[in-house]
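Chains as they are written, first to last, in my numbering: chain A, 1 to 211; chain B, 1 to 211.
Among the hints, a few may not be true.
Where chains are identical, the list cannot tell them apart; a pair therefore holds if satisfied intra-copy or between any two copies.
No more than 20 Å apart at the CA atoms, straight line, and that leaves these computed lysine-lysine pairs for PhoX-like [stated by the list, open to error]:
(1) K192 with K22
(2) K184 with K35
(3) K35 with K192
(4) K192 with K88
(5) K46 with K35
(6) K132 with K22
(7) K184 with K88
(8) K184 with K2
(9) K88 with K46
(10) K88 with K35
Since the hints were made in silico from the structure, they are not lab data.
One letter stands for each residue in the lines below.
2 protein chains.
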Amino acid sequence: MKLYDYPGVPNPRRLNIFMAEKGIEIPRFQIDLLKGEQFSPEFRAKSPNCDVPTLELDDGTCISQTNAICRYLETIHPTPPLFGTTAKEIGVIEMWNQICFTNGFQAVADLFRNGPDWFEGRGLIGPHNYEKIPALVERGRVRILNFYEDINHHLANQCYFAGNHFSAADITALVTVDFAQWAKVEIPEQHKNLHHWHALVSERPSVLSNS
Amino acid sequence: MKLYDYPGVPNPRRLNIFMAEKGIEIPRFQIDLLKGEQFSPEFRAKSPNCDVPTLELDDGTCISQTNAICRYLETIHPTPPLFGTTAKEIGVIEMWNQICFTNGFQAVADLFRNGPDWFEGRGLIGPHNYEKIPALVERGRVRILNFYEDINHHLANQCYFAGNHFSAADITALVTVDFAQWAKVEIPEQHKNLHHWHALVSERPSVLSNS
């Protein structure tokens, strides 16, 4: 296998934390997003959605989308499980993974990519160029703060997003919170549960080695 | 189990097609989205994200988010598999499920919810109100047409999104295409592969019984 990667940016970071939790090593090839290497004809042939990370299997099949690569890896390296083992765990983890991605991660991406710190014409990730929409900056900021309030409430009675075990949902949420700092949005001080969770997960070796 | 449902709208339709493919029946309770029943205190206690569909298990655990409910059901009713069985199938199906949802379904939602046919202050699904952003209407239309061109190309060499078998990715794509018709966007005539796939999947009993 080969992993096409660009360390440090949010989606590759999600995958790298996931792999570190499982102790998985795969040879890495860097696709320099700032130089636009994800749009080269060679890389598009592997990842038509111009996504990093992308995993190339030994038979040439390529899998992009962070969740999809994680699910592939969960199947071949099931321990420790990060998407759950019982049906209930599997459902609850996927619910929080989706909620954190949609309400959190995508809100941060809207705020960051539509503001002055990102490239013109790249308001959305993916193979096509879309102009920035300035109204998404402020909506993104409000969404993140609403998300923080909601998850602070959710974390009142449990250590992690899906109960008592660290899961893929915590990885998505952690990377979202740290990504929001790029866009200068911090967790409000009063959200004690969220601060406690963030400190707890930030101490994990998988996170420390991908910070 | 109990399923909180509102038949006909896109996310519940995804789940209902998925269940029909597996022959799963669960007692249904209707949450009338047009009357705002998803925001009632009773329903928020089950689904803090105010999502329909939501599945309530016999122990009271509630699972919302269509993909999460589908993964729960895939685990307890694995046949026929709709998320794959080998690691490669699992990865490829999740990749296309995510791409179709992000590039297709969410683009249609942007177009539809930010236009004149939807409620004021409900530019986004979920527990919070956000004003419509008119620029998302035209961006949504362009994104759908780009998505159609991309998936028409993808379908040139295979019957279904993830190869030779119908999967959860096809359900997400089918519901996206039909949802786009609500927003008056049709598949362009020249996209023959996409038209062929749409006709093929539209004939399935699971789709005919949820149309």
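Right, here's what the structure says about each hint:
For a Cα distance limit of 20 Å, the shortest separation of K192 from K22 qualifies neither inside one copy, at 29 Å, nor across copies, at 44 Å. With identical chains, the CA atoms of K184 and K35 are never at most 20 Å apart, being 24 Å at best within one copy and 38 Å at best between copies. Neither within a single protomer nor between protomers do K35 and K192 lie at most 20 Å apart by alpha-carbon distance, with minima of 40 Å and 35 Å respectively. Proximity of K192 to K88 under the C-alpha cut-off of 20 Å is found in neither arrangement, the shortest distances being 28 Å within a copy and 41 Å between copies.
Taking identical chains as interchangeable, the C-alpha atoms of K46 and K35 lie at most 20 Å apart only when both belong to the same chain, with a minimum of 18 Å there against 46 Å between chains. When the C-alpha separation of K132 and K22 is checked against a cutoff of 20 Å, the pair qualifies neither within a copy, at 38 Å, nor between copies, at 42 Å. For the identical chains of this complex, K184 and K88 are neighbours neither inside a copy (36 Å) nor across copies (39 Å), given an alpha-carbon limit of 20 Å. Taking the shortest Cα distances, K184 and K2 never come within 20 Å of each other, neither inside one copy (34 Å) nor across copies (42 Å).
For the homomeric pair K88 and K46, the shortest alpha-carbon distance between copies (15 Å) is at most 20 Å, but the shortest distance inside one copy (35 Å) is not. For the homomeric pair K88 and K35, neither the shortest alpha-carbon distance inside one copy (43 Å) nor that between copies (30 Å) is at most 20 Å.
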